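Peer 1: Model the placement of chain A on the given structure of chain X, informed by the hints.
If you're matching them up, the sequences are chains X and A in order.
Position one of the first sequence corresponds to residue 1 (our numbering), numbered consecutively onward.
Position one of the second sequence corresponds to residue 1 (our numbering), numbered consecutively onward.
Simulated from the structure, these hints should not be mistaken for lab results.
Predicted, not measured: the structure shown is a model, and the values here were computed from it.
C-beta: ideal position from N, C-alpha, C; glycine also.
One or more hints might be untrue.
Said to hold, decoys possible - With a straight-line cut-off of 20 Å between C-alpha atoms, the simulated SDA-like cross-links for lysine to any residue are:
| hint | chain 1 | residue 1 | chain 2 | residue 2 |
| --- | --- | --- | --- | --- |
| 1 | X | 11 | X | 63 |
| 2 | X | 57 | A | 59 |
| 3 | X | 57 | A | 92 |
What the hints assert, rightly or not - Some chain A residues flagged as far from chain X (calculated, every beta-carbon gap over 10 Å):
| hint | residue |
| --- | --- |
| 4 | 9 |
| 5 | 66 |
| 6 | 87 |
Said to hold, decoys possible - Cβ-to-Cβ under 7 Å is the rule here; a few derived chain X residues that face chain A:
| hint | residue |
| --- | --- |
| 7 | 43 |
| 8 | 64 |
| 9 | 94 |
| 10 | 95 |
| 11 | 100 |
| 12 | 107 |
Given next are the chains, with one letter for each unit.
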Amino acid sequence: DAGITQSPRHKVTETGTPVTLRCHQTENHRYMYWYRQDPGHGLRLIHYSYGVKDTDKGEVSDGYSVSRSKTEDFLLTLESATSSQTSVYFCAISESSRGVYEQYFGPGTRLTVT
Amino acid sequence: GQNIDQPTEMTATEGAIVQINCTYQTSGFNGLFWYQQHAGEAPTFLSYNVLDGLEEKGRFSSFLSRSKGYSYLLLKELQMKDSASYLCAVNGGATNKLIFGTGTLLAVQP
Chain X
1 DAGITQSPRH KVTETGTPVT LRCHQTENHR YMYWYRQDPG HGLRLIHYSY
51 GVKDTDKGEV SDGYSVSRSK TEDFLLTLES ATSSQTSVYF CAISESSRGV
101 YEQYFGPGTR LTVT
Chain A
1 GQNIDQPTEM TATEGAIVQI NCTYQTSGFN GLFWYQQHAG EAPTFLSYNV
51 LDGLEEKGRF SSFLSRSKGY SYLLLKELQM KDSASYLCAV NGGATNKLIF
101 GTGTLLAVQP
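Same shape as in the complex, but just chain X (with noise of 0.2 Å):
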């Protein structure tokens, strides 16, 4: 167990309503990750953080945005929810073991835009 959780579990929203899903962690990690999951397409990389305000694009960032003010904190926003961006979202930390670093993931946020 990571202490990673993610807030909410699950979403239903309307299209063009802005969401913001919550990661959160317990464990001082430096590396935070947001990724979305849909079938055919594997775990897909969205934005990833790798210190407080320090942020980059991962392979699908369009209509995403992320911030990270506090350690413990990684947020993902949706400013403008659109049906293509229903999914499940999973969040995740990496940390070190002999120089590699493995990746764990959150419980996940089911989220559905109508």
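Peer 2: Using the frame of chain X, we list chain A on its own:
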């Protein structure tokens, strides 16, 4: 480009051995990772390989050949609870980002 390939589905029998293959093409390499994901749950870390060869962890083993861009996950003494998706992922460089394959759905039958 960067690409990771693994079979979509596999079926095996309880008590048997199954090998799940993964091939990859990435611009860099800093480790290959295997995750297990049960339906409706988060992926859980199984193993990783950085150097060529076999890494064994109980009933699970993972093999890597960097020159061939190839890995496999070997599951022995299969149990019904091993029915899950198995995800192959590669760290393609120094940024600690993982590139995931689409996963192999393993069904273990009695």
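Peer 1: Compare the structure with the hints numbered earlier in the document and write down the numbers of the violated ones, lowest to highest.
Peer 2: Hint check: 2, 6, 8, 10 fail, others pass.
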